[in-house]
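**Student:** So the chains spell out like this:
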Amino acid sequence: MPRCAPHLTIPSRTSQLARVRRRVACWAEEAGLAERAAQALQLAVDEACANAIEHGYGGRPDGRVEVEVTFREDAVTVVVRHRGDPYDPERYQPPELRGMLEGHRVHGYGLHLMHRLVDEIAFRRHDGASEVALTQRRNGRDT
Amino acid sequence: MPRCAPHLTIPSRTSQLARVRRRVACWAEEAGLAERAAQALQLAVDEACANAIEHGYGGRPDGRVEVEVTFREDAVTVVVRHRGDPYDPERYQPPELRGMLEGHRVHGYGLHLMHRLVDEIAFRRHDGASEVALTQRRNGRDT
Amino acid sequence: MSSFSVSFRPHDARDADGARVCVLDLTGELDAHTAGEFEAALQKCLDDGHTRLVVSGRELQYISSAGLGVFMAFVEPVREQGGDIKIAELQPRVFNVFDLLGFPLLFDIVETEEAAVTRFTEGSSSAA
Amino acid sequence: MSSFSVSFRPHDARDADGARVCVLDLTGELDAHTAGEFEAALQKCLDDGHTRLVVSGRELQYISSAGLGVFMAFVEPVREQGGDIKIAELQPRVFNVFDLLGFPLLFDIVETEEAAVTRFTEGSSSAA
Ligand SMILES: Nc1ncnc2c1ncn2[C@@H]1O[C@H](COP(=O)(O)OP(=O)(O)O)[C@@H](O)[C@H]1O
Ligand SMILES: Nc1ncnc2c1ncn2[C@@H]1O[C@H](COP(=O)(O)OP(=O)(O)O)[C@@H](O)[C@H]1O
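Residue numbers (the working numbering), protein chains in the order written: chain L, 1 to 143; chain A, 144 to 286; chain S, 287 to 414; chain F, 415 to 542.
I should point out that these hints are in silico values taken from the structure, not numbers from a laboratory.
Careful, some of the hints might be misleading.
[Said to hold, decoys possible] Examples of chain A residues lying across from chain S (beta carbon under 7 Å, computed):
#1 Pro154
#2 Thr157
#3 Ser158
#4 Ala161
#5 Gln182
#6 Glu190
#7 Ala193
#8 Val222
#9 Tyr252
#10 Arg259
#11 Glu263
#12 Ile264
[Claimed, not checked] Covered by chain L, according to a simulated footprint, are these stretches of chain F (three or more residues, beta-carbon under 8 Å):
#13 419-433
#14 480-487
#15 511-525
Ideal Cβ positions, reconstructed from N, Cα and C, are used throughout, including at glycine.
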């Protein structure tokens with residue numbers, strides 16, 4: 001069984017996403033997730049980190065994104081945390097509005113994907129940090 | 144201090160939403176939430192119930208939606224649970240896709256609103272039930 | 287049950303094209319249950335050729351996304367016919383919901399019914 | 415770092431309008447970091463007038479929403495110029511992501527590169 005550190009802090013750069021994915025793969029193996037569930041968790045964590053980098057830190061590379069795993073008997077949870085902007089209502093528009101305003105519609109899939117990929121997803125703001133917790137059950141759905 | 148039962152089960156009809164809102168108002172008062180936080184929680188629960196009725200049960204009136212409160216020292220959580228369809232990928236499209244396909248764009252605000260309205264939101268599938276848990280902290284944000 | 291009603295009230299004002307401004311007064315709670323009534327009222331306006339619309343929220347106590355969706359569904363067809371939907375007199379609680387979703391970028395949301403009507407008539411040489 | 419590359423390969427086939435079909439081979443991991451490269455490649459195709467595009471995912475190991483967004487951003491401009499983006503040879507893991515978001519409704523997603531090319535040429539009297 002592989003061993004990999006349960007905590008990872010990356011600078012807010014998308015070049016770090018591949019590193020995050022490799023770590024999540026290791027955690028998923030450690031948790032004994034089925035292949036499909038493992039891949040889904042990996043993608044969901046990637047999306048959450050990408051959101052933190054692009055929305056939370058607005059693309060600024062000097063932020064930090066924390067990624068942390070918790071193993072439970074029946075499930076594994078990965079928390080992605082950043083201390084950048086929480087939702088910025090001025091900047092963030094629902095896809096339809098952005099569509100009408102910009103004509104182009106290339107955003108908004110990440111969030112939908114995350115919902116589909118994991119058994120549980122929780123969004124939390126706390127003490128200036130924004131967190132997404134992604135939970136995959138060991139005997140969960142096989143989407 | 145008002146007392147109102149911590150659990151409410153409604154048939155899957157939108158005519159029940161007003162009843163849910165009144166109950167949530169009562170819970171919020173019991174929890175001592177500030178007015179703005181109380182109103183936000185009320186709206187978020189309304190949206191979650193409307194989603195359960197319209198997406199979960201696809202408008203069929205013979206389903207049941209359970210609404211349940213938990214009080215904690217620092218926060219109040221309302222769980223909305225249904226046993227209808229979980230996400231139906233065939234039926235549910237991200238707004239952009241639906242926009243392209245239908246030309247009209249009148250959906251997709253509920254979810255965005257919920258995220259903005261509460262301090263924590265969690266989506267969970269479990270034993271055939273789909274749950275949304277909406278948490279407002281007593282000393283949370285005042286959006 | 288949520289109580290909601292919408293009533294239609296032609297205004298004296300006309301815009302530059304001579305089209306009459308009409309006011310829709312919303313009363314009560316606009317949610318997924320009652321949104322259909324609002325939708326029907328807007329559809330009737332369109333069918334009757336009324337496209338210079340002011341929606342007054344003076345008596346509107348509550349709105350959820352289903353109500354916002356109705357505004358979104360009608361603003362394009364109304365604008366395509368040279369009209370607009372102006373929104374006026376929202377209570378702070380209701381305005382907050384519009385604001386959270388960025389509607390002020392897409393809609394003229396003004397404090398008073400009068401100001402909304404003026405948006406239609408200002409710069410107009412014909413009536414009002 | 416994610417490794418990703420995209421390469422451009424003109425095909426022999428032409429469609430009914432005589433326009434050449436071009437294949438883009440994706441290799442590696444397409445994520446928020448590498449999506450810009452894919453975007454640039456598609457932009458170059460457009461700039462060079464290539465709009466009958468087959469994207470081959472035979473060597474694509476991974477895709478996230480940033481990659482899907484690129485497809486969405488280009489499909490309209492490409493179609494406006496009479497072309498299309500066909501998607502072929504996706505690995506099951508990658509296809510699953512397209513499928514989760516309903517892309518099969520919007521895009522021609524086919525098993526083989528050949529089938530994708532045929533979509534362009536079939537019914538054509540000119541070349542191929
Ligand atoms: N400041 C933020 N911090 C973290 N996540 C955010 C922030 N702002 C927006 N988001 C997330 O990003 C989502 C939109 O991103 P997404 O759906 O991935 O589409 P895209 O990133 O392509 O615009 C929001 O719904 C929200 O979940
Ligand atoms: N089967 C379901 N059960 C519960 N919620 C669902 C279901 N299907 C979709 N949803 C929720 O409904 C959301 C879309 O609804 P929403 O954003 O309120 O827009 P609208 O209801 O206007 O289409 C989804 O993102 C999801 O959160």
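**Student:** For which of the previously enumerated hints does the structure constitute a violation, in increasing order of number?
**Tutor:** 1, 8, 11, 12 and 13
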